[in-house]
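Fit chains P and B to the supplied structure of chain L, relying on the hints for placement.
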Amino acid sequence: MDINERRKRANIYFSRTYRRFKVNSKEQLIYMFALVLPTMLLFLLFYREISKFITILVSRPLSMVLPAGNVKIVSSSFLPVFGGVYHLSLPSVLPSYTEILINLAVTIVLLGVSLYSSKREHKKTPLPIYFSFILIIHLISSIYFLFARSYFPFSSTEYFELYMKQQIVMWFSLIVLAGFVLGVIGFGKMRRRVLLFFILLVYAFIFGIVRYLAFSYIIAVGSSLYMAFLFFALGPLYEFIYFVFFYSIFINREIRYFGYGEGRNDWQWL
Amino acid sequence: MIYIVISIVLFFAMALFPITYSLIVLKKRTSEELIIPTLLVDDPKYFTDLYRSAFRSKLAAMDSENIVEYTFKPSEKIVEADKTIEYPVICNYIIYAENYDFVPPEGMTFNKEIYANKNVYLVGVKTLLGIYCKKNLLIGSGIDIIRWVDSGGEITVEDNCSLGIITTSNTRIITGENCLFARMLAPQIFLGFTKDTDFKTVSKALTNNEDYVSQEVIRNIKSVDDDITDENQELHKSIITKYDLSILDGMKVKGSIRSHKTIRVGDNAIVYGNVFAEGDIYLGKGSRILGNIFTQNNIYTEENVEIGQNGKIKSIIAKEKISFSRRCVVYGYIESGNVCEVCLDEQ
Amino acid sequence: MVITILKIYIIFIFVLMLIYAVRHAIFAYHRIYKKQRIYYGSIQDSEMPPVTILIPMYNEEQVLEYVLDSLIDSYYPQELMEIIPINDNSTDKTKELLDEYAEKYSFINPIHRQSDLRGKVAALNDALKVARNEIILVFDADYRPSKELIHQLVAAFKDPEAGAVMGRVIPHNAAKNWLTRLLNLERSGGYQADQQARYNLRTVPQYGGTVGGFRKSLVMAEGGFDTRVLAEDTELTFRLFTKGWKVIYANSAECYEEVPENWNVRARQIRRWSRGHNQVMFKYFFPVMFSKHMNAREKLDGLLLLIIYLVPFLFMLGLIDSIILFFLGEIGILTGWWVILFLGAYNSYGNFAPFYEIATAALIDGIKNDVLLLPLLTFNFYFYLWNITLGFFDAVADSVSGRYVHWAKTERFAKSKRQKETTK
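Residue numbers (the numbering used here), protein chains in the order written: chain L, 50 to 319; chain P, 604 to 950; chain B, 10 to 433.
Bear in mind the hints are in silico, worked out from the structure with no lab data behind them. Using N, Cα and C, we set each Cβ at its ideal position, and we do this for glycine too. Hints may contain errors.
To be verified - The calculated lysine-lysine pairs, modelled on BS3-like cross-linking and capped at a C-alpha distance of 25 Å, are:
1. 630/P x 377/B
2. 377/B x 825/P
3. 864/P x 185/B
4. 825/P x 252/B
5. 168/L x 44/B
6. 75/L x 301/B
7. 44/B x 631/P
8. 71/L x 377/B
9. 301/B x 864/P
10. 864/P x 43/B
11. 301/B x 924/P
12. 238/L x 377/B
13. 845/P x 377/B
14. 308/B x 238/L
15. 845/P x 252/B
16. 377/B x 864/P
17. 845/P x 185/B
18. 238/L x 301/B
19. 252/B x 857/P
20. 825/P x 185/B
Stated by the list, open to error - Covered stretches of chain P, going by a simulated chain B footprint (3 or more residues, C-beta under 8 Å):
21. 750-764
22. 835-848
23. 887-901
Chain L extracted, bound-state conformation (with noise of 0.2 Å):
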């Protein structure tokens, strides 16, 4: 009889200092190859097709509101065994000085009240430092246009390119970090896991395209000004805004199950 099987003989419980949990290895290799390999795979198999659906979702409800025949899909090459990628084709529209010069104006005052509240003494947070970020990569983006609007190296169709690039690689990225949280690191029972992992894997789907809609239309209707801003400050930290949301949600809920539930037992001392 080994001390974990004494210790839970004798109700005794396991103190923070030293517990854990033992490996299944068989879950774990279930999890990995029998969930997350077979959807890492498929999705590499059918990233093309995937874009192409997104795409054309999206590009309806724009040719609603966009002149017609500007809203075009095209594929541009990707990986090379795998195929290339679906994306918008959108006329590209430069801002004008007039544009330039209220966004900058804008962005210069937004920035000084983010830059006055990060010096205040009292409820300071780390937002006013967030919002500067961002604010940041707008003003130098006004700026650019303001004096190189000619040589912005970015069409619409081109953004749109890089823009899906990004995205399926977010998505298999995203694949990859939650087998390797919930699947190599993950404790817990297989069911809560394995419904997480389609949770997430959904909502970054759903996220994925309204994003892609939203942009698509600013884009659209206003301007190239925008690309630098909406790639850089709405683009991956919010991918993992969400993850991390769910993820807190599962660990809350195990905390409860291994802390005072039934979970209780499968502490391992030592």
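Only chains P and B this time, still in chain L's reference frame:
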């Protein structure tokens, strides 16, 4: 257009929803500070002291029928051994022996604790949850103790016993062979001895019983042999080594030892200081360690090993297993993260 | 050529972030699943050594009673304790309060410094000259040691290779506001997961300078602490490892501390940590790399630990690099902003602990509810990026100018015991 608007709204909603939820949690759910245990959880007597004080409360709280009621768990009954002649074979009561020695019938199982103010003789008992005895305690052959044993006097444990998590005595613990335990604390612990041993003569006197541990360090040696000891086979240094270390038979190290791997202490060798290792520690016949022993792995001893010094408390601690051979003596504390065995393979 | 350099830099940052990601993945996995390496806290020894406890103080009238009363109530025998509170030019009632304690307790011997050379490090150096004992413990003035903490910390020095020992801090004001709750998560991740994993893997657990101790002779061998370095604790960690000693992490030796309750104070604290840590990096980068006493694993983890407060600055350069590449039209998918931001955010949740490392620690500690605040930590990414980068610039300026660093202590929030009694 409505789809565009919905998608923009949905985008911001989905992006900000996690933050909003966290902010709601911030307002609605409080934080709980981690409690640092105020009791000495690392203290070997933690459980025994806890249960003893709990018993006193129970004694004070029992009603006229000796029942102790609780709010959140089933009630317990305290049976006074002084007034009881017959017991059920499986006894689910707390036993309290106040004025007389407690000698239960054979074949019993005690699923609750025993508290005794006098001597206790447990012969033929099968299983016992825990026991406190103010005087001397005899644990007969084959008894399985689940939690703890505590005695104000001497504890004698016969062969083939399993002693639960912790065994403590204010004077002495003597065990026979084929015994298992996890932790043990007493000024003198005699492991793997027969009943007729004269314990007064067991502890070997050192011819030169000085407490001398050198702070000067020698590094990365693989053995303590004639090449590095003086003419008295003594090394007056502490050792820190990344290799397996062997101390040859009869050598004396007047310092402490730290190895990143295993340590072998030869027959009749003496280490005056502490012995720390990452790997296994092997103690040869008749070897002595005057300080503490600590390893992240196992400890194996041969016969007649002595750890610590009479009149002082020292510790022998292994994260895994400790295996004692016959006639080993420990002055102080034994702890293993897994199990301690006494003469398990020697029948 | 310039574009190539910019792209190579992005790839370099990507690789660096990936290395840290792998490092923390190993730590998290090891902590939750692998066998733990135990600490020496359960050693029972009737011959415990005498110990000197140093408590640097600058205007600590609000909190000093807590730490002193806690130490007086300790289970460690008073005849084996020497407590030296070091009053460093305080302008409040610190001196008067300490003198009251000294009158009442013979083992409390405060030092009142009036030296021009101020600061925690100089204060410790002065105290070390008069400290009677070899084992030195250091507590910050706002700490509240538990009764068995001293025994737990001192037990480490039974190991002849132990040069220093570090316990674990737990915020006692965790419930105060959202900052303290987030810091509670960070501390949990940092100690329960990170430090314990480093101790398990026998890499480089860090001596934190607040709930810990060291051997006096090892510090005095080089004339005491280096007064030009703000992070004397980090400096001691690497000094010990490069000379063949170890820092022992004691996960069971827990002590309450007060974490900052507002972001300004936190910003100053993190900037100061960054400055101090980077000063140590400049001093020890090559000694760690070429140390005869450290094995490959210790060197690798040691170097990664040394540059940890440099990484946000490198990352900041990476962000700027990405923006430049974007406006030059050279941003490809592999040199994309997302790669480094993703990994950077992933690595920066709790001051370099990824979110799952914090979650693992919260699970082990049983911290429910607060883990739901993890999404809020995302914005800390920029907060830390900015303040740590400022700290790095401070360290560079210190190195170049050779200027002396003035001590800035963290603002206290607790009411003093006397204030609490008056309020009642």
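For each hint, the structure was consulted:
1. 630/P x 377/B: holds (15 Å)
2. 377/B x 825/P: Violated, at roughly 50 Å.
3. 864/P x 185/B: The given pair, whose Cα atoms are some 47 Å apart, is violated under the 25 Å limit.
4. 825/P x 252/B: Given pair residue 825/P, residue 252/B holds - Cα atoms ~20 Å apart, limit 25 Å.
5. 168/L x 44/B: Roughly 47 Å between the alpha carbons, so the hint for residue 168/L and residue 44/B is violated.
6. 75/L x 301/B: violated (42 Å)
7. 44/B x 631/P: violated (38 Å)
8. 71/L x 377/B: With Cα atoms ~22 Å apart, residue 71/L and residue 377/B stay inside 25 Å; holds.
9. 301/B x 864/P: holds (18 Å)
10. 864/P x 43/B: holds (19 Å)
11. 301/B x 924/P: Distance ~34 Å between residue 301/B and residue 924/P Cα, so the pair is violated.
12. 238/L x 377/B: Given pair residue 238/L, residue 377/B holds - Cα atoms ~18 Å apart, limit 25 Å.
13. 845/P x 377/B: violated (42 Å)
14. 308/B x 238/L: violated (39 Å)
15. 845/P x 252/B: Roughly 14 Å between the alpha carbons, so the hint for residue 845/P and residue 252/B holds.
16. 377/B x 864/P: Violated, at about 40 Å.
17. 845/P x 185/B: Roughly 47 Å separates the two Cα atoms, so the pair is violated.
18. 238/L x 301/B: With Cα atoms ~47 Å apart, residue 238/L and residue 301/B exceed 25 Å; violated.
19. 252/B x 857/P: holds (23 Å)
20. 825/P x 185/B: Violated. Residue 825/P to residue 185/B sits at ~55 Å, over the 25 Å cutoff.
21. 750-764: Violated: only 0 residues of the segment 750-764 of chain P have a Cβ under 8 Å from chain B.
22. 835-848: This one holds; 4 residues, not fewer than the three required, reach chain B with a Cβ under 8 Å.
23. 887-901: holds (count 4)
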